[in-house]
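*Asks:* The residues making up each chain are set out below.
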Amino acid sequence: MADHVITTNLADDSEAARILQAQRRRHIIGATIRYGILFAVGLIMLYPLIWLVGASFKTNSEIFAGPGFIPDSPTIAGYVQGWQTSTPYTFGRFFWNTFLIVIPKIIGTAISCTAVAYGFARFDFPGKKILFASLIATLLLPNVVTRIPQYLLFRDLGWLDSFLPLWVPSAFAGDAFFVFMLVQFLRAIPRDMEEAARVDGASTWQVLVFIVVPLLTPALISVCLFQFMWTMNDFLGPLIYISSVDKFPVSLALKLSIDTTEAFEWNRILAMSVLTILPALTVFFVAQKYFIEGISAGGVKG
Amino acid sequence: MSGDHRFLGLLYLSPYIIGLLVFTALPFLASFYLSFTDYNLMSTPTFVGIANYAKLLTADRTFKKSLSITLFYVFTTVPLKLAFALFIAVILNYKLKFINFFRTAFYVPSILGGSIAIAVMWRYLFADVGIVNMALQGIGFEPVNWFGDPTNALFTITLLRLWQFGSAMVIFLAALQSIDKSLYEAASIDGAGKFATFWHITMPLITPVIFFNLIMQMVQAFQEFNGPYIITQGGPLKSTYLLPLYIYEAAFKRFDMGYASAIAWVLFAIIMVLTLIAFWSSRHWVYYAGDKRS
Amino acid sequence: MARLQLRNLEKDYGGFKAVHGINLEVADGEFMVLVGPSGCAKSTTLRMIAGLERVTGGEIRIGDSLVNDKAPGERGIAMVFQNYALYPHMKVRKNLSFGLRLKRRPKEEIEQATHDVSNILEIGDYLERLPKQLSGGQAQRVAVGRALIKKPQVFLFDEPLSNLDAKLRASMRVRITDLHKQLKADGLQSTVVYVTHDQTEAMTMGDRICVMKEGRIMQVADPVKLYNRPANAFVAGFIGSPEMNLIDSKLDGRSLKIGGKVLELDDEMLSRLQPRGTDVTLGVRPQHFAVVGVDVANALDGRVSHVEFMGHEVYLYIRVEGQQVIAVVPANHYDRGKINGDAIRLAPQAGSAHLFDRASGENISLSNQA
Amino acid sequence: MARLQLRNLEKDYGGFKAVHGINLEVADGEFMVLVGPSGCAKSTTLRMIAGLERVTGGEIRIGDSLVNDKAPGERGIAMVFQNYALYPHMKVRKNLSFGLRLKRRPKEEIEQATHDVSNILEIGDYLERLPKQLSGGQAQRVAVGRALIKKPQVFLFDEPLSNLDAKLRASMRVRITDLHKQLKADGLQSTVVYVTHDQTEAMTMGDRICVMKEGRIMQVADPVKLYNRPANAFVAGFIGSPEMNLIDSKLDGRSLKIGGKVLELDDEMLSRLQPRGTDVTLGVRPQHFAVVGVDVANALDGRVSHVEFMGHEVYLYIRVEGQQVIAVVPANHYDRGKINGDAIRLAPQAGSAHLFDRASGENISLSNQA
Amino acid sequence: SNLRMSWWGGDSRHKATQVALKACGDKYGHTIAAEFTGWDGHLEKVTTQIAGGTEADIMQINWPWLPLFSINGDGFADLNQYKDIIDLSQWTKDDLAAGTMNGKLNGLSVSTTGRVFMFNKTALDKAGVAIPKTWDELFAAAKTLKTKVGPEAYPMNAVKETAVLLISLYTTQNTGKDLVDQKAKKVAWSAEELAKGIDFYGKLVKEGVVQTQKSVASEGNLNLFESPKWADGRISGSYEWDSTFSKYADPLKGQKLEPVSILKNTDAKTEGVYRKPSMVFSISKRSKDPKAAAQILNCLLNEPEGINAMGTARGLPASKIAAKTLIDGGKIEPEIVAANAIIMNGTGPTVSPLNEHPEVRAVFIDTLEEYAYGQIKSQEAAEAIIDGVNAVLKKF
Ligand SMILES: Nc1ncnc2c1ncn2[C@@H]1O[C@H](COP(=O)(O)OP(=O)(O)OP(=O)(O)O)[C@@H](O)[C@H]1O
Ligand SMILES: Nc1ncnc2c1ncn2[C@@H]1O[C@H](COP(=O)(O)OP(=O)(O)OP(=O)(O)O)[C@@H](O)[C@H]1O
Ligand SMILES: [Mg+2]
Ligand SMILES: [Mg+2]
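So the sequences go chain by chain: A, B, C, D and E. In terms of the working numbering, the first sequence is residues 1 to 302. In terms of the working numbering, the second sequence is residues 303 to 596. In terms of the working numbering, the third sequence is residues 597 to 966. In terms of the working numbering, the fourth sequence is residues 967 to 1336. In terms of the working numbering, the fifth sequence is residues 1337 to 1732.
Hints may contain errors.
Claimed, not checked - Straight-line alpha carbon distances no greater than 16 angstroms define the calculated EDC-like cross-link-like pairs of lysine to aspartate or glutamate that follow:
id: 1; chain 1: C; residue 1: Lys-821; chain 2: D; residue 2: Asp-994
id: 2; chain 1: E; residue 1: Lys-1496; chain 2: E; residue 2: Glu-1706
id: 3; chain 1: E; residue 1: Lys-1462; chain 2: E; residue 2: Asp-1535
id: 4; chain 1: E; residue 1: Lys-1731; chain 2: B; residue 2: Asp-430
id: 5; chain 1: E; residue 1: Lys-1351; chain 2: A; residue 2: Glu-62
id: 6; chain 1: E; residue 1: Lys-1565; chain 2: A; residue 2: Glu-62
id: 7; chain 1: D; residue 1: Lys-1036; chain 2: A; residue 2: Asp-246
id: 8; chain 1: C; residue 1: Lys-777; chain 2: C; residue 2: Asp-803
id: 9; chain 1: B; residue 1: Lys-555; chain 2: E; residue 2: Asp-1461
id: 10; chain 1: B; residue 1: Lys-496; chain 2: D; residue 2: Glu-1279
id: 11; chain 1: D; residue 1: Lys-1117; chain 2: D; residue 2: Glu-1279
id: 12; chain 1: C; residue 1: Lys-763; chain 2: D; residue 2: Asp-1164
id: 13; chain 1: C; residue 1: Lys-777; chain 2: C; residue 2: Glu-606
id: 14; chain 1: E; residue 1: Lys-1482; chain 2: E; residue 2: Glu-1497
id: 15; chain 1: E; residue 1: Lys-1565; chain 2: B; residue 2: Asp-430
These are calculated hints, taken from the structure and not from any lab test.
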């Protein structure tokens, strides 16, 4: 072996060692600053959540007595009373109703938005630009003013006091945001796999089901999560379209007893808020890997 | 796919097209029509031509004030939020331990954002004896009158939005991670420091997502409703009276749906124009990598 | 029957004409390589055959049936993509059998086929892996397997080796041609259209090579003929490494003027020459230059500008009358350090030079041999 | 002074030791190529020199000053990246001048420098283009220009040609070495460290070549020596194309046993042999096999399994005693169709064979020449 | 037949009303679907339903909404048509008038409510302050509190609506007139009169009787009953709806809250009590079976099944028989009875529902806020309010 043994001189060696040490120190300081910022910001971010959970175990009078989140005398009264509700139904019923809305809505959204995004991203056809523009335009108009006309529409369809108005439009790719998002994702995915499947004998529909959907899974998880959270939180829609209490979803049930001219029990409301957020949080924690990767993978490449 | 029939794509769009025709187009056009009417919700709308718009643009002082507040809000909140989201994303882009924890922590507020409990809590955080003021006093500042002072109140709403920077951050993070590391290395060999690298390399390369986030955040900010509605009720002195709140009150407090529609369409036009300007200007500042095939 | 025919095939990308009515016939069992510089529409042509790109003019026939309007899956073709395009969410086994499963073949048949193919390609050990767990070469074989399992009438390959490193590329090259021969020997249909821009692949793999340029076919021939008797300057320059020296010259009766130099044409050359005009291009492969002493007449003087040592041979970059010329000489004949900048004298080997018409690029020194 | 010295340089990637204390000295103005298989730490070494990777042990000196702790921008180096790493959002002009602008040099100076560099590299026409509007070769030249404009003491290249197609690679190779010579002639500092895994580049470009393997240096020598006198089996196999045939054999006094065959060693070989044990590897370059008739003694019998036509030469893949052997023979001697599957007899050329100790890999047939 | 009834409210109201509906439904053989929500969004819901013609048969309507939905009296069924079913004699003429729009009885007052003063007796006692009976005593109480307890002690609370009503009260006391002159469709007060009222509010602030708007707002727009300052007695008095008495009493925890008759000065022309139906029950004009709805309405308000089930979920009932039944049955806390008595016995001009028209309120509150923030003088404020209110009134 051809070696180049250069006799190393000791002074140089110690100089190099000193430099190494200094580098290590700088490295540690930099890391400390970064972690410091992150933890501080992280705490600020999470504080409200922590407070919310803590406060839901407080008594009513304590909730507004100080900014801390540890209850002096913890109570689960909020949960017990909240669960019972003032209606003939327990909160469980309202959760059930929510799922009756959320499940078809999510499924419908996932299916329709995927198909539509596929259509936009992978095909050329006359009128594509205009249709895409209409998609964006629907994002821009404040929906306060379309509420009444929409109500009249659903009245004429005979859908009032049913869950239909709450999920059917979404099942027809009514949530432009998701379509837009999925189109962006699809644009970032190379088409070769789909072409390979076409050559393998798949119809475009089979390509969508067997190839595109699996590839889109992370993005679809994000879509479902968003839709899930938004639907859980949506209050005005159910308020207007649902009249019968037995059909209330949780978002509405949460506000059921808040009459601003009357005292109401915050710990009960907070307790139920916690329960309401819980499914979304659970889903998020379980799916967070896919969720964030999903967004990352698709990125928004121009 | 390119080998297929010209109209096959429309087949996949059919859910959207049906939905558009059945559920979206009618209410959309109806509201446009209503903006030319006098409609109090009880009686049938009567056509009044451009009267609503005329009044709106000439005689309505509240509209002017609300519009200027809205513009101010949008033009402060959006850049702040984008900057903050970007800042944190840049930090998270370093190889870090607990990265999942941080990403989750920073993302959680975006999930909770819609909950009323949060709005209620916000009122509490920024109260005169709230935790924010306590913290300020703790580090030697005067407490701030957040909700009572017209110059501050809007800021609390801005902060509520900033707090929900997570979704924008995640998108930035994705973009940052897709930047070719060798560009940073090339820059460091060219003698660029951290700041120069960020300014000359990172920023230009993520302009597409800055642009995307800009549009999305702008659209959202222009439609900000919950914050002022729940937290400040538009006050004090209408300093948080954003246009969506005004539209809402015109429609459901004053039962002037025609007028509300007119405001909404003016707002629509403004967002549209700004979006178009953004799209147009993007040619000059957004760098698209652009793929070769169509 | 798995003959493939392209008749006046055209492709118009909304205004931009990528393929200008090409005609090509690939015989049953033939290994046809499409080669040409980037952007010459190799992929476009292949994708039209596959049905991935709409045909805007002409016909494609596979085994005599017109397939212009058939879906890709119904054409009896299989395709291997440049980056393999394996389905990332399916294990190798599923990747292989996807096509058969789509056709709802019986389970046993699918298993048998998977087994057979993985035996042939020696990928049996990876059947339960995901594509991302494969190395480049393994992934490449799976991609071939996915095509093979369908027993297609025509195989299409789009630069399947270009993502591999040089060593692997060399060994995969051998594997694919061996596989083709083996299939043929087994009596299986195996008409192949193979796209590459690498002329080494083209030369070593193809039964015939179709050289394309800007959406047109320049020559279709077997490798030896293509190498020895290029139809035009383009093909001559494209095939061979280092590329053929193309030297601007003037034809003047029996002699060739190159700058100030004059080269007498020998009888052999004159016998095959069919001159069109005086502006011609002399084509001599680098390997066909001999370095000669001053005593040899009819040679070109130049100056070495650059030398590349390649182990067993040396590339000499020489400036002759303002034009760059390359000569390849055995390494043991030359002393690297010395020659750089030196004067040198080159003589084209008899019988191996070509003359091309400058305007059309056509080889005007072929005719008599045809 | 732009000598570059690495002393006991180490790199530890949190537990995984990528570089095991290497020592290397690159003289002022020298063109040093680092070559080796993927993962052998070529890039890591280069990046430590550049300051992009923290040094975890040992020293780096550029022009005698210790630079371990200096920022990349302060080391007086310039680097050309594998994918060029051109700033995609800046026009070529800005790409070139970015470093100077950061240093707030006067406008005229920047313009002059840009002008000079674009003249040298002939990229003046593209100054107003974005990188994505450049072809591979153009982009490559811009990347070099960006390095050049800084007048660095040391140039670093990390596989700058690997993204180019074969033709372009060949011409860029020439361009870069010419440029290096020109700069040297102009009296400019131009010490170069050039990383590649392509042995053709290594052979043709380097004044000296440093062959690496798994974070260690295997041999540092000039190309001719490396090719003709590889220090070990690794270097022998790595350098040369197609690679040297390494045939397992047993040394038995004056003869070599290969499977059932026996090969007598000639005197020349015996004179340089310094045997260590009986397990040896016979190394013969494909070009150094002669195809001989049955009458020739001392040759190996085999069967051709595959033939590749390469234009002026043919690669024969031959199975000899269960081992794969490649021989390269001139194309005009062989008829392609016939030979496949045929028996063949190969004789190593006298004086060109090597013997390596099987255990250590060391070349045991060099010693007397040293 | 099948009917629907909609209302908003809190838990106790939801429970009580459902029981009452069941009882009354059983009695008349109707089934009544209950549609109830919290306060938030209820107006939108009803509005949307009315715009869509899908409102419930029986609706709980906020009194100020009457002119919004039915300025001509044709927004709801005219209950006069069902006087053989509903015993209208249980209501006072005032109550019926309050529910009448354009001569049509659009809603039946469910309960009468009004603003009363309430003081935290415990807190005032501690400072040695007697419960004020006049404005002057209120000012004096403020002075004493400041010295005895500290600068953070206030004997009264006035923000937003409460401030408006305090000013209205003072001005009504001075002029003997309500803000709205319903006949003339304009403001009854002159600018000077209103300005005086506003100055009075200014004085309340300046002398530390009430907190500044700015400092109230800084607390985060909390309701008074959520405020720690109220709970611990630093704010020891307010001017609130009598029906909400318990809500303010509850957080005090052992301290005694006392309803107090209207404060006034000796030269007041009237007590100026602000009295109104808290809410009305209306029947949809589109009801398929308005007679059945009327039966249920009468049952809820006038018949023992409804009365006993409903209890005081909507305050002390306006229906005489209901009030009597409950008081006799001891179902009402004495403080609420006392507070209500103050309202019922007080004197004052009839209050127009237009006082609480959202736009009228908005103009008043917004302009007052500008005054409170020192942006305009009281005279300007008064003029602005009068102009603004007149502009709204013109539409009716
Ligand atoms: N979808 C398209 N729309 C418009 N032009 C296209 C499209 N696809 C390809 N082209 C153009 O058609 C020509 C042929 O492209 P093609 O991809 O077939 O070339 P290629 O020979 O495969 O090149 P490469 O070796 O780079 O793969 C090119 O000029 C290309 O720019
Ligand atoms: N950041 C890192 N962390 C851990 N290991 C690393 C890192 N970077 C490189 N390595 C490892 O160090 C070794 C040397 O890598 P390096 O990139 O220097 O090889 P190379 O010779 O440049 O290979 P190639 O020819 O593929 O570019 C490899 O085994 C690699 O896996
Ligand atoms: Mg191609
Ligand atoms: Mg490398």
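*Asks:* Compare the structure with each hint and give your call.
*Replies:* Consistency of the hints with the structure:
no.: 1; hint: C/Lys-821 <-> D/Asp-994; verdict: 50 angstroms, violated
no.: 2; hint: E/Lys-1496 <-> E/Glu-1706; verdict: 11 angstroms, holds
no.: 3; hint: E/Lys-1462 <-> E/Asp-1535; verdict: 31 angstroms, violated
no.: 4; hint: E/Lys-1731 <-> B/Asp-430; verdict: 41 angstroms, violated
no.: 5; hint: E/Lys-1351 <-> A/Glu-62; verdict: 27 angstroms, violated
no.: 6; hint: E/Lys-1565 <-> A/Glu-62; verdict: 14 angstroms, holds
no.: 7; hint: D/Lys-1036 <-> A/Asp-246; verdict: 72 angstroms, violated
no.: 8; hint: C/Lys-777 <-> C/Asp-803; verdict: 11 angstroms, holds
no.: 9; hint: B/Lys-555 <-> E/Asp-1461; verdict: 43 angstroms, violated
no.: 10; hint: B/Lys-496 <-> D/Glu-1279; verdict: 55 angstroms, violated
no.: 11; hint: D/Lys-1117 <-> D/Glu-1279; verdict: 43 angstroms, violated
no.: 12; hint: C/Lys-763 <-> D/Asp-1164; verdict: 10 angstroms, holds
no.: 13; hint: C/Lys-777 <-> C/Glu-606; verdict: 32 angstroms, violated
no.: 14; hint: E/Lys-1482 <-> E/Glu-1497; verdict: 25 angstroms, violated
no.: 15; hint: E/Lys-1565 <-> B/Asp-430; verdict: 12 angstroms, holds
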